[in-house]
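J.: Whole structure, please, built from the sequences with the hints as guidance.
Okay, here's what each chain looks like letter by letter:
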Amino acid sequence: MDMHNLIHMANQIGSFFEAMPEQDEALIGIASHLQHFWEPRMRSQLLEYVDAQNGKDIDPLVLSAIRAHRNMLVSQKQA
Amino acid sequence: MKGSEVVRMVPDKNGQANEGHSCVKGRFAWGYATHKDRILKPMIRGKITDPWKEVSWDEALDYAAAEFRRIQKKYGRDSIGGIVSSRCTNEEGYLVQKLVRTAFGNNNVDTCARVCHSPTGYGLKQTLGESAGTQTFKSVEHSDVIMVIGANPTDAHPVFASRMKKRLLNGAKLIVIDPRHIDLVRSPHVRADFHLPLKPGTNVAMLSSIAHVIVTEGLLATDFIAQRCEDKAFQQWRDFVALPENSPEAMQEITGVPAELVRGAARLYATGGNAAIYYGLGVTEHAQGSTAVMGIANLAMATGNIGREGVGVNPLRGQNNVQGSCDIGSFPHELPGYRHVSDSTTRHLFEQAWGVEIQPEPGLRIPNMFDAALDGSFMGMYCQGEDIVQSDPNTQHVTAALSAMECIVVQDIFMNETAMYAHVFLPGSSFLEKDGTFTNAERRISRVRKVMPPKAVYADWEVTVLLAQRMGYTMDYAHPSEIMDEIARLTPTFHGVSYEKLDQLGSIQWPCNDEAPLGTPTMHIDHFVRGKGKFIITKYVATDEKVTRKFPLILTTGRILSQYNVGAQTRRTENVQWHQQDILEIHPHDAEERGIRDGGWVGIHSRSGETVLRAKVSERMQPGVVYTTFHFPESGANVITTENSDWATNCPEYKVTAVQVMPVLESSDWQKKYTRFSKVQDDLLKNAGEGTGNKTPDIKIKAVAKSIA
Amino acid sequence: MSIKIFVPGDSAALALGADALAKNILAEAARRNMAVELVRNGSRGMLWLEPLVEVQTARGRVAFGPVSAEDVGALFDANFQNGGKHALNLGLTEELAYLKKQERLTFARVGITDPLSLEDYLAHDGFQGLRKALTMQPAAIVQQVTDSGLRGRGGAAFPTGIKWKTVLNTAAAQKYIVCNADEGDSGTFADRMLMEGDPFVLIEGMTIAALAVGATQGYIYVRSEYPHSITILNEAIAAARKAGYLGPNILNSGNSFELEVRKGAGAYVCGEETSLLESLEGKRGIVRAKPPLPAIAGLFGKPTVINNVISLASVPIILDRGAAFYKDYGMGRSHGTLPFQLAGNIKQGGLIEKAFGVTLRELMYDFGGGSASGRPIKAVQVGGPLGAYLPESQWDTPLDYEAYTALWAVLGHGGIVVHDDSADLAKLARYAMKFCAIESCGKCTPCRIGATRGVEVMDKIIAGQDTEAQVELLRDLCDTMLNGSMCAMGGMTPYPVLSALNHFPRDFVKKIPV
Amino acid sequence: MNLARHTESIASIISSQQNRPGALLPILHDIQEALGFIPPDSIQQIASALNLSRAEVHGVITFYHHFRTTPPARHTIEICCAEACQSMGAERLVEHAKQRLAGSKHGECEVKPVYCLGLCATSPALMVGEELHARVTPEKFDRLIEQMGIKT
Amino acid sequence: MLEQLNEKDFGTPRRIAEQEVTLEIDGMQVTVAAGTSIMRAAAESGVNVPKLCATDSLEPFGSCRLCLVEIEGRKGYPASCTTQVERGMKVRTQTPKLQALRKGVMELYISDHPLDCLTCAANGNCELQDMAGVTGLREVRYGYEGENHIHSQKDESNPYFTYDPSKCIVCNRCVRACEETQGTYALTISGRGFESRVSPGQDQPFMDSECVSCGACVQACPTATLQEKTVIELGQAEHSVVTTCAY
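Chains as they are written, first to last, in the working numbering: chain A, 3 to 81; chain B, 363 to 1071; chain C, 112 to 625; chain D, 33 to 184; chain E, 66 to 312.
Note that these hints are calculated values from the structure, not bench results.
Only true hints are included.
DSBU-like mimics (lysine-lysine), calculated; alpha carbons at most 30 Å apart, straight line:
#1 D:K144 with C:K545
#2 B:K375 with E:K219
#3 C:K538 with D:K130
#4 E:K73 with B:K863
#5 E:K73 with B:K528
#6 C:K545 with E:K140
#7 E:K294 with B:K364
#8 E:K168 with C:K538
#9 C:K374 with D:K144
#10 C:K538 with D:K144
#11 B:K528 with C:K394
#12 A:K58 with B:K912
#13 E:K73 with B:K375
#14 C:K276 with E:K140
T.: The following block contains the structure:
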């Protein structure tokens, strides 16, 4: 899928959770949202991108969330 | 009725949603059901440049099933999916998602509610615990203050608008938050006490500044909050909205609305008695659509305006069965009753009932399907009653995606825009030809009753059953009532619903179960569905769709009274006499600056594309904002709109597109291409020949890779 | 010392050349180098004498009339300014029998004072009622009015006090006082004469009503056919407001009352109180169904006192002199006085304020001096175009609401139109239907269609077509209109029609089998 | 008077009156006073200002005999035709007036019936503009139209 | 659940009140919510008072004068639609006098109405026709040569319904429906008295008025004045099905 679009969508999610006063809450919020609403191939592609490009252009908060909760984002099929 | 011919359609005095009233569409515009454009024979073709071939139902269904199987074999189980329209019945929607989850074996099912009210589902679920409006329409009779946000009820929800006006005439106060000077702002005997003409895309800023006034001026319903809401979340929210950056004064530059107006409206909402919020797609169809919905729920909780008559949070829906299509599980992440597919208890319940294994992870949402199609991983689609080409944003993107797919099965009553990209056409049935139920914005389930036999032999639900069968999954229903029985059995909020009860009561507002055997007109009375109400921080984030020197105006789109959605139905009635084409409304100042005259042709272009419409110079607009509708395919309003979408649900940002508008002399390139393409497709349809009996047609399995537009 | 000369500014006087006359007097005085103070008073109500010029002399006011502009030189020559002898000299005004026999309570000042002079008004007991009212509790004011026995002078004769009490007892943030000055009955001009001759008494009456019920806004709805009344009222309101009798703080009492004149637009039916309210609200003057009563939901849905000019103008004297004083006049349940208006074919037409109980014969002969044409009087219509035609046999019945009801007639607003023996009562009956057809608001069927059919039936009767059947049909139609109409417009049109038919059957065709 | 000037003077009338409760009749009166009639084109303008529909304003205008939507004749003579005036020969006066004015040019003078001018004891009566005339005999009528400069 | 083709019309809207009022209608004890009209109270207990301008979707208006009743101790013949029930009231809805009055009113109505029942689109579904029957009107003694509206121009501008002023009985139901039900105020009565006629906008064709074609006026019209073109074309319906709007 269009990586640019996926990054944009992920960053949008990040900007919502950014306002949370507690960062832990924000990180789990972002990861959980991706888990609940992103189809596995979208998540896989995002994870691959993070690994390959070191999360370039991804909002730092989102990146932290992905890294902190990577296991939530891995497709169960892959897992 | 005269035999099986409709003589006239009249609103039912006992209709609990409309109480004997109707609008021009429901009352008169039903002639499309028997329009000569109806396609009554199944058709197939190998590629979209081939002529259509009329075939038997068997042949068409066999072909579709074989194609789907072939695609899945080649590209994987997740390479096909289904889309069902919110115009279809609950039973049809339920069967489509069941088809996808059983016969297709994945969760790639979505509904057109995706592109209108998905943020409502998300936002209200997060805050209040249920993805639905809180009130019954009748409740407005008890409102003292009515706040209308991003909705134009007199055009888009005329029957409810009349009830709202009735209440306004009897003294309720009115706050309108809308970029446009809509009729409710001022029309005979109606005058908004406050009109906050905000800039498109700044709803969240506006809602936060209203909340700021309520919090900082001591207008909170403290007892209600203490008893009914999560304390910690409330405190976090309160501290957030109280920040100076959320004050109306600070937000003034963003929203464009004078702070004093905002303060006045906030005070009225918080202290004017029973205050109800009604909102529409002007709230949801934004990059921050879900955030705005949560912001609205926050306001209602903060002022205690929830859980009784005359108050609440009330989404005005986009189509007749938007609520229903969401309720019955046609979202890729949810099973019926808004239960996430990852919830194993629910999954097991359905697995037992359906006898298949259900995937525990969400499927593709409509925009994701397009992306995946262009990516080569999503190649087949069953599309029931939905015209994604016309209704979804960034038309070129959509048509490119469709062109990339190998088998598109469209089921519709007309050869719609999407069907021009289809390989299999299955004739649909109009609401007059089938039994079923619709669920409206007030969670009211009402019966659709067959008044004439399906013109193409099968009702839509039967076609889905037949397709499932071809795909190797047996569905066994003698009547749609049995489908509803199954929904009721498997969905706690529907446990008490049956056709028998619907016949008895006329209609039922869910939840309807042992606790509420007669249904639930008002929700969240003693406690929220999620237990305690949850305030959620809603930070304003400007959309990426910003005005620039190149695109200095903002386009916002909407509807008009006489036309319905993509217009497939209403364009085929005399309703065109009121609205023959989509037009671009523009403020006199902007028109003057560009040398645009009333009625002249104007080109509108955005970073997505360009189209040409006639201009209407109108003071309903604020300077800097232009407006059009999307009822006519040749207008191509969605050629302009971008694939920007709501962060949470991917609901497209139809309401904000940066554009430039200039006088032009001829139609746009897209329109020229569109005209050529339509002409070709028309010819392919006109030349549709009889199929070759049982012989599989000579179909080359080859993706048509190039986008037409 | 300058000479004080009175030339009425009343519409009737104006219509007979009073302005030109006044101009001539001033010019003539100037020519003769005489200092003259010209007062434009109201009319004394002796309309056959208009323009009636009065001069102030040591003996009192001396009347000359009717005076035309051409008479001015001769009058000056005759030293009229000092009451000199002249053919038009009528003697002391106060001694004129027509006036002397009257009981002028409501019209006490009309014709005497300068209508727009507050000083004059105050010098003639003006605002005494209001001053008393300001010392009283609202309920006590209402009680006074109730005790006086005052009934609506517009025609319906509903006890004014009861109306006020309902408004007083209906709680509301806003209440209104509405004066019905849509005097449209042919043969009536009392409201006009009062508004033009003593506007302050109406203002005072309305202000008292406002104090009594807690209203802060009043409207006087005047018909557009009375432009002169409107001008005078507006000037009087401005003067009263300036002097603190109206406005946000009446006589420093803390009470507020604002008053505004609204102009009708040529609709007789707007004299009906609910139509009038619709019209005031800026709508078509369509009759409203009652209930709700205007006293509970009237103007703009708020409790409203709606009274006729004369009713409201009678209030100040009631407050000033007490309920018992007023109640002592009259007979039976008709207390006080009524300004009768003698009009039509009458020698001495005019306004006669008398206590109830006087008879038609007394009015027409003792005051009116018989018909203007000198021919025998044949029929008298009492109570306007919706009132019955009375034959001679009924002329001795005392004018009293109940006595007239017993005659199947109405007193209405006190208008008396005299017809001599040349009158054709069938034509007048036809006209009654025609008038109803012209003025019907069109809401209810008996009036909307019935009046038009009534004209057609009358045409057939007059033409002698199938008379017997048409008369029967006319009676049936009258029954439908009488019992089926929403308001008095259609409901009372049968009064003139049937009274004409019953009392003057010969006019309806000689062939009627009796 | 041209349309633009109409619109302007109507706008100023509306703005000076529109905040009064029940402002429609006062506005219609003022417009008619200023222009001699209420131009149908102005109805939308009036309706919008008062938050009414065009239909409502139209309904009100057509209800009242006083209002007109076409320019009036140069002179309008309103003769009272009610009973008191009838009893003194109003019908003959109307006949006389019609006869006398039959020869006048179109749009010069209009004779309209009116029902009571409150001059019932000095009948028959008539009104020209706001000017009243009572005890009008045919001769007096002739003198009047002569003074008004109406050629017959 | 098939409804009757024509639902029962109680004449005036339902009132909701905690207080109940008991009165006597034609000798029957009837108990209804306070604020209910006599007409509705009667209808709820099965007594149908004749009516034309009243319909239960609109506030009472009181113009047709067919629903007059007699109330013991009260003068005249009040309209049962605009008169509210009171405790202990004794109402009679059927007396020879009332019958005569109603017949008199109907005679007036029919004297200004085309006599084309048999070819009229509303034939069989016309309240005026029903009331002529109920009041036993046989003959119109006024004849048909008098003033009338028979030659009024029909307005066919709206694609879905026609407006035939010659059949208008000026009951105002359409005007009120436009105001009360729809809230658009596109209709008024133009003129007054016998000249009164329904006017869209400024006596314009419907399509040039502010009408939004919701059909509330057509629904409210008791005659063929406002009539669906489909009914004119296809005739009256034979049966009905209750379903749900697909918009």
